Amino acid sequence: MFFIIPAMFTALAAFFNMQTSIVLIASFFIIKKLVFGGIFLTCGLPTLAGAATFALIQNDASNSDKYFSIVLRLLLPLTCMLLFIFHPIAGSAFLYSFYWFIPMILYFVKSKNVFIASLSSTFVAHAVGSILYLYSTNMADSQWLALIPVVAFERFVAAFGIALFYVTIKGIVVLCVNKYLRN
Numbered sequence: 001m002f003f004i005i006p007a008m009f010t011a012l013a014a015f016f017n018m019q020t021s022i023v024l025i026a027s028f029f030i031i032k033k034l035v036f037g038g039i040f041l042t043c044g045l046p047t048l049a050g051a052a053t054f055a056l057i058q059n060d061a062s063n064s065d066k067y068f069s070i071v072l073r074l075l076l077p078l079t080c081m082l083l084f085i086f087h088p089i090a091g092s093a094f095l096y097s098f099y100w101f102i103p104m105i106l107y108f109v110k111s112k113n114v115f116i117a118s119l120s121s122t123f124v125a126h127a128v129g130s131i132l133y134l135y136s137t138n139m140a141d142s143q144w145l146a147l148i149p150v151v152a153f154e155r156f157v158a159a160f161g162i163a164l165f166y167v168t169i170k171g172i173v174v175l176c177v178n179k180y181l182r183n
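Note that the sequence shown ends on residue 183 in my numbering; no numbers are left out.
Some clues are possibly wrong.
Stated by the list, open to error - In silico DSSO-like cross-links for lysine-lysine, where the CA-CA straight-line distance does not exceed 27 angstroms:
#1 Lys179 with Lys66
#2 Lys170 with Lys112
#3 Lys110 with Lys66
#4 Lys32 with Lys110
#5 Lys112 with Lys66
The set of hints was computed from the structure by calculation and includes no laboratory data. Given the structure is predicted, the values throughout are model-derived calculations rather than measurements.
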């Protein structure tokens, strides 16, 4: 259940423009908060960042979207890395933040490959979520280091889930268009 909702929203974002995607996802988290109450640690911000990244990669970007892509895929991960490295406790586990080089490197690949887009978006979401978690909880540097192999598996599964949802939804849309709109 942990990956299903974020993967679904991230995949769905590619079918809308970035602004619409952000509004839809933010609305979901607001409704979730109102209905279920409680405290949501990340408030859906990692999902928003990941979905916006995926939508920007999959959709043809306008010039303003290209600047936003630079912000999301280069500046945001870099900022998260710096916030992590200069944190008094997590700084000694700086290797953990090296995962966030992945979206920065993939930015220069310039591929619309679904898995590459999924991988980039899941690591942008991971960077945002990790920083929110870092500054709202108290974890030892050894715990951050112990998470490094877990994150590799977790993010691969998340990227696969996003790609799977996207391909499935796109297939259903194409099937429906071919069946109902072309006849």
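*Among the hints numbered above, which are violated by the structure, and what are their numbers in rising order?*
1 and 4
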